[in-house]
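Position chains B and C relative to chain A; hints supplied.
Single-letter residue listing:
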Amino acid sequence: MDLNVVAQVAAIQPFLAIASAFVLPLLSLVVKKRTAWESFALTIAAINFAFSVFLTYNLYTSFTRPLVYAFGAWPPPVGIVYEIDRAGALMGLLITGLVLTATIFSLRYMEHDTGVQYYYALLLGFEAGMLGCVYTGDAFNLFVMLEVMSVPAYALVAFRYHIPEAVEAAVKYAIIGTAATTVYFIAIIFAYGAFGTLNMADLALKLRGSTLPVTGPPLGNAFLSSAVFLALTFWAFGLKAAIAPNHFWLPDAHPAAPSPISALLSGVMVKVALFALMRYLLTVFRGGNSLAAPIVQALDYALIALGVLSAIIGSTLMLLQRDIKRLIAYGTILNIGYIAMGMGLGNQSGLIAALFHLVNHAIGKALLFMAAGAIIHVAGARDLDELAGVGRRMPLTSAAFLIGALALAGAPPLNGFMSKLWLFMAYLETGWLAPLVVVIVVTSVLGLMGYMKAFYHVYARQPIKDLSSIREAPRSMVAPLLVLAGLCVLLGLVAPLFVEGVIWPAVSSLFDYQGYISAAQDFAQAFFGGG
Amino acid sequence: MRLLELLFETIVYPGALFLSVAVWLTQWYYRKLCARMQNRMGPSYTGPFGILQPIADYLKLFFKEDVSIEGSSPKLATVLLSVAIGSVVALTLMLPIAPWPIMASYDVMLAMYLLVWPTIALALIGVLTPNPFSAIGSSRLFSMTLAYEVAFVASILTPVVLASSFYGAEYSLYLSCLKAWELWFNPLTAVSMALSLLSALLALQCKILAKPFDIPDAETEIVAGPFTEYSGFKLALIFGLHDVEVVVGSLLITMLFFGGPVPFAQLPWYVALIVTVVEYLIVIAIITWIRTITGRFRVDQALALFWKYVLPIATIALIASVIISQVL
Amino acid sequence: MTSLLVSVLEAAFVVLVVLVILFIAYGLSLRATKAVTKSSGEKRRPFACGELLRPSETGVPDASIYWAVWKKLFRSFYNTVRDKVHTGILNDWLFWMFIFMVVLVIIFVVVIK
Chain A
546 MDLNVVAQVA AIQPFLAIAS AFVLPLLSLV VKKRTAWESF ALTIAAINFA FSVFLTYNLY
606 TSFTRPLVYA FGAWPPPVGI VYEIDRAGAL MGLLITGLVL TATIFSLRYM EHDTGVQYYY
666 ALLLGFEAGM LGCVYTGDAF NLFVMLEVMS VPAYALVAFR YHIPEAVEAA VKYAIIGTAA
726 TTVYFIAIIF AYGAFGTLNM ADLALKLRGS TLPVTGPPLG NAFLSSAVFL ALTFWAFGLK
786 AAIAPNHFWL PDAHPAAPSP ISALLSGVMV KVALFALMRY LLTVFRGGNS LAAPIVQALD
846 YALIALGVLS AIIGSTLMLL QRDIKRLIAY GTILNIGYIA MGMGLGNQSG LIAALFHLVN
906 HAIGKALLFM AAGAIIHVAG ARDLDELAGV GRRMPLTSAA FLIGALALAG APPLNGFMSK
966 LWLFMAYLET GWLAPLVVVI VVTSVLGLMG YMKAFYHVYA RQPIKDLSSI REAPRSMVAP
1026 LLVLAGLCVL LGLVAPLFVE GVIWPAVSSL FDYQGYISAA QDFAQAFFGG G
Chain B
89 MRLLELLFET IVYPGALFLS VAVWLTQWYY RKLCARMQNR MGPSYTGPFG ILQPIADYLK
149 LFFKEDVSIE GSSPKLATVL LSVAIGSVVA LTLMLPIAPW PIMASYDVML AMYLLVWPTI
209 ALALIGVLTP NPFSAIGSSR LFSMTLAYEV AFVASILTPV VLASSFYGAE YSLYLSCLKA
269 WELWFNPLTA VSMALSLLSA LLALQCKILA KPFDIPDAET EIVAGPFTEY SGFKLALIFG
329 LHDVEVVVGS LLITMLFFGG PVPFAQLPWY VALIVTVVEY LIVIAIITWI RTITGRFRVD
389 QALALFWKYV LPIATIALIA SVIISQVL
Chain C
130 MTSLLVSVLE AAFVVLVVLV ILFIAYGLSL RATKAVTKSS GEKRRPFACG ELLRPSETGV
190 PDASIYWAVW KKLFRSFYNT VRDKVHTGIL NDWLFWMFIF MVVLVIIFVV VIK
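As given, the protein sequences belong to chains A, B and C, one line each in that order.
Last residue of the first sequence? That's 1076 in this note's numbering, and every number before it is there in order.
Last residue of the second sequence? That's 416 in this note's numbering, and every number before it is there in order.
Last residue of the third sequence? That's 242 in this note's numbering, and every number before it is there in order.
In isolation and in its complexed conformation, chain A is listed as follows:
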């Protein structure tokens, strides 16, 4: 397929989503029927998913270098570019797929809520922000898209504003999240001041001695400013990704949101932050004769240490929770710890484990939150004591919940086990980090016990209330659950092929700074005529 067409398809996705997000409330002034709003949102989500499938398929089969789309045909480094490589396309597929699933789930979940047009509008804006974050090739555009992603998230957490806990959680999340994006902005200031450019490919080039047209060599102390930039960026994205000790907001915010939104927050939003960190760490600042190599080393060690801390905090606190969604939220912190540990290894093995676990956790966590949402929707309670035995009357939902819990706890041959096994392998390969395998095992066992606690209360325990009004959840809520559960099983069974065919090319493209740089360079040189 023509490179331009595919790149345009990629670029149109966030704009389609945000335009629809603005159109929907206007539409709701004219058309008062709820089903119209829902179909509109569903159509946009489906279109975006179709675009992502198209983009990912083409990027994996036809193109070896990242696609570059320049907005307004302004070339890099003058204009804002989207530079989409295989990892970005994979993330885009994950985002749009899970947003589509959550939208289908929301159709019946939000049936008792009013103001639903704003819910779907915020959801589409959220999707736009996430897509922009993973596609972008420009540091400041990343900041903008981060805000576009975060503000709807704050609002969605507080969507049920008649519940005081939701509003409190949203306010805390908003304050902390804004601190994160502001600190990232300060980091960009340092980077711009020293390097004179905001384009990621240009930053990568300047760190290695050459430059794109128009901009010149670094102006100030490149090493010092890279250090400050990486420190602040790591803090900011670590906060958005809930890596300890920046994780405090997550156990309050994620349970307070409506369940499909929790699924998206835990499932994709924290992953987008991790992906942005991967982009900076691997493609821009690492490899070759980059100036910032010692700083990247330090960042690796920090990632491993904090990953261990996250895993310990997440798993030990998971056992104590009495609210089902809070228990699952602490599980997110645990698994983000694993992904951080994988990223911190900095080699292909570690990144394959991290990216594979990222995909698996996104699917499994979305499944868990939505299954919990279905149970809460039918039973009307969130406390585990009150949910005793409810799952016995909802066999499909309980089965999906069990598959999700087993997948994330790491039961063979489901997908979570495969990615954890790869993480073990990556750690044993390094030799001296082998004792950390004991940490992974301890936290896995604790995580398994935590998920078993939830399953025990929901399914195995004898009912204490009258359960005759409990029936299976509506079909449009059960269908996404079954699809995700099937995906968990399928990804586990075809894991060798999936890793080789999908994850490994994505990881290679993350490490391939040459391809990243040359794609932007060719585009710029074509415009400036060999400049």
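If you're looking for bench data, these hints aren't it; they were derived computationally from the structure.
Please note that the accuracy of each hint is not assured.
To be verified - When the alpha-carbon atoms are kept at most 25 Å apart in a straight line, the in silico DMTMM-like pairs for lysine to aspartate or glutamate are as follows:
1. C:K201 with B:E309
2. A:K1010 with A:D930
3. C:K213 with A:D868
4. C:K163 with B:D145
5. B:K120 with B:E367
6. B:K148 with C:E171
7. C:K172 with B:E153
8. C:K200 with A:D868
9. B:K163 with B:E153
10. A:K1010 with A:D1067
Since the model is a prediction, treat every value here as computed from it, not as a measurement.
Relative to chain A, chains B and C alone:
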């Protein structure tokens, strides 16, 4: 082709048939030894020296009615137990006694996962019956998993790490079993091996729920713990799972820490076989001996014992092994 | 040697085969015990040593469930982590996060020279 190999291994050797015979003979030995230590007769009447007693017990259960009480999930219980027995059989196929083993680099972690599932299955089937004794028994079993599982993994990991860095065993269980026995001859690594052998034996004692760790199955307190409501074929599956765990756990320790038949590969095959069997019987004897002379721990005492004493020993052995392997 | 993930699938195949074998044996056992009548009444009630058991009493008392045992063992750890660190007060959280940022900047800027 590979599927046919796996099929043969699973059904005949070292899978179902071999394990059935091993379970039979090991159970007879276990019960006879324990009885003689306690000045009792042990199995005496079924066959010479009571050797057919375990077979008689299993046949009895096979022909008894399988009562499932209302509110339980009998089919799920059967599936869980069968999957658990399958995991242990899959683990047996990873040891050097298998002709076409399941082998890959870094497969020691797969082995650890396969070892956890029997205990989880036993705890889950207890949860599935609406009986307070089963519920308490399952809860105790989950607590025990929190106690010994990590210590067991750490103590199995130590010889594997050492064998992989010194003899290139690539963290595969099969290759480590082939090489790890040579670690006893190096004084530095022998200390790590001794510490991890000690913690492995204690963790195995806990895993097979032998005294002093038979907390979930405490007859005088909670009838039969998680197994209270099971009878007939399912009870046979439960006992089968427990006995197969004993066999495979002891086989794992024999193979990994003592090398099994490998140190005697130059000698005639029957010498190696006899030595392996003797080592295996010694491991079972140690387990039986501890089981015979001790009472029963409380669940929090067992948890405290493992987290305060056994896990630190195992972790120190592992860290020492990593340091040694990096330095040398 | 096969790849690691392929060996997981081999182990899964073995588990499947054993599952089939045991289900066949289960079927045979059911056939062998067909002579015994379908159980009903007293046999199908949970065993409570001869006492009457109400459904509400079939649960586990809170102190013996496994997470309570774990919590009791690690009480001091949880008291520190839960009550002193995860307080729920936003200012405390921001304090910890700010300390982290300061440490990070110091490590990256000062130490790496």
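Hints, one by one, checked against the model:
In summary, the hint linking K201 of chain C to E309 of chain B is supported, as the alpha carbons are separated by about 21 Å, within the 25 Å threshold. Only pairs whose Cα atoms come within 25 Å are accepted, and K1010 of chain A paired with D930 of chain A is accepted, the gap being roughly 10 Å. For the hint linking K213 of chain C to D868 of chain A, the alpha-carbon distance of about 21 Å falls within 25 Å, and the restraint holds. Distance restraint check for K163 of chain C and D145 of chain B: the Cα-Cα separation of roughly 20 Å lies within the 25 Å cut-off, and the hinted pair is therefore satisfied.
Distance hint between K120 of chain B and E367 of chain B is fulfilled; the C-alpha atoms sit about 18 Å from each other, no more than 25 Å. Using a Cα cut-off of 25 Å, the hinted pair K148 of chain B and E171 of chain C holds, with the two alpha carbons roughly 23 Å apart. Distance restraint check for K172 of chain C and E153 of chain B: the Cα-Cα separation of roughly 11 Å lies within the 25 Å cut-off, and the hinted pair is therefore satisfied. Restraint check: the Cα-Cα separation between K200 of chain C and D868 of chain A comes to about 17 Å, which is no more than 25 Å; the hinted pair holds.
Of the pairs offered as hints, the one joining K163 of chain B and E153 of chain B holds, with about 15 Å between alpha carbons and a cut-off of 25 Å not exceeded. Between the alpha carbons of K1010 of chain A and D1067 of chain A the distance comes to roughly 68 Å, so the proposed pair goes past 25 Å and is violated.
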